[in-house]
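Dock chain B against the given chain A, drawing on the hints supplied.
The primary structure of each chain is shown beneath.
There are 2 protein chains.
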Amino acid sequence: MPTTTAVRELPHPAREEIRLEAVLHALADPVRLRIVTELSTHGEGEDNGATCSQVELPVSASTATHHFRVLREAGVINQCYRGTAKINCLRRTDLDTRFPGLLDAVLHAAAS
Amino acid sequence: MPTTTAVRELPHPAREEIRLEAVLHALADPVRLRIVTELSTHGEGEDNGATCSQVELPVSASTATHHFRVLREAGVINQCYRGTAKINCLRRTDLDTRFPGLLDAVLHAAAS
Chain A
0 MPTTTAVREL
10 PHPAREEIRL
20 EAVLHALADP
30 VRLRIVTELS
40 THGEGEDNGA
50 TCSQVELPVS
60 ASTATHHFRV
70 LREAGVINQC
80 YRGTAKINCL
90 RRTDLDTRFP
100 GLLDAVLHAA
110 AS
Chain B
0 MPTTTAVREL
10 PHPAREEIRL
20 EAVLHALADP
30 VRLRIVTELS
40 THGEGEDNGA
50 TCSQVELPVS
60 ASTATHHFRV
70 LREAGVINQC
80 YRGTAKINCL
90 RRTDLDTRFP
100 GLLDAVLHAA
110 AS
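As you go down the protein sequences, you meet chains A and B in turn.
Quick note on numbering that gives the first Met the number 0: the first sequence kicks off at 0 and runs consecutively.
Quick note on numbering that gives the first Met the number 0: the second sequence kicks off at 0 and runs consecutively.
With the rest of the complex left out, here is chain A (with noise of 0.2 angstroms):
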C-alpha cells in the first residue's frame, strides 16, 4: 500500500509577481551570483535541479539557506523538497520571459 507524504511546498512569487528591484538586489551579492551562475549550468525542472549542498559556498549552512531563500522570495530561483533536501533551479524561462537579456547580461558579467 503506497504511503502518502505530506508535500511541503516554499512560498515562490507567480511569474509576473517578478520585480525587477527584488531580482536586482537578489543578485547584487557575491554569494547569489555564484548560486546563479552554478545553477545555470543545471537545467530547469526539478530532475535537474541541484541541492543546496551540491553548490559549493565559502559561507555555513545557515548562510547558505539564507541565501538560497533570498533567491527563491526574489523570484530568481525554484526550491522544491525532494525529502528533506531542497532542489533548486534557476527560473530560467521566468526570468527571459519577464526581464528580457538580463540574466545572460548578468551571468556573462559575473564569468568575466
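Just so you know, these hints were derived from the structure itself, not from any lab.
Backbone N, C-alpha and C define an ideal beta-carbon position, used for all residues, glycine too.
All clues stand as given, with none of them false.
Not the full set, but computed from the structure, chain A residues with beta-carbon under 7 angstroms of chain B:
hint	residue
1	HIS24
2	LEU26
3	PHE98
4	LEU101
5	ALA108
Simulated coverage check for chain B against chain A, where a stretch passes if three residues somewhere in it have a Cβ under 8 angstroms from a Cβ of chain A:
hint	region
6	28-39
7	101-107
Quick list of simulated restraints, FRET-style, between CB atoms:
hint	chain 1	residue 1	chain 2	residue 2	range
8	B	ASP46	A	PRO10	48 to 58 angstroms
9	A	TYR80	B	THR40	45 to 55 angstroms
10	A	GLU20	B	GLU16	17 to 27 angstroms
11	B	THR36	A	THR36	25 to 35 angstroms
12	B	GLY100	A	GLU37	15 to 25 angstroms
13	B	ARG68	A	SER59	26 to 36 angstroms
14	B	GLU8	A	GLU55	35 to 45 angstroms
Below, chain B without anything else, positioned relative to chain A:
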C-alpha cells in the same frame, strides 16, 4: 583677467574598478532606476547631463542626493560640478564595455 575656479572633483571608480555587485545594488531601487532611466534619455558628457533638480523624484532633496551618490560610487553615473550644481551623466560606455547588455536589459525591464 580670467578668474581661476577651484575645481571640486567627486570620487568615481575607474572603468576597470566598477564591480558588478555594486552596479546591481545601485540599480536595485525604484528611485535610482528612475534616475538612470531619465539620464538614459540624455547623451554622455557634461554638456548633455542633467542637474539633480532636473530629474523629478518623489523624495526630498537630501534623499535624492544620497541616491545620486550611490549611483556615482557604484560607477553608474558621472557627477561633476558646474558652479554649485552637479551635472549627472550615465556612464553608458563604461558600463556597456564592462558588462555588455546589462544596462540595456535593465532599462528595458524598467520601462516595461
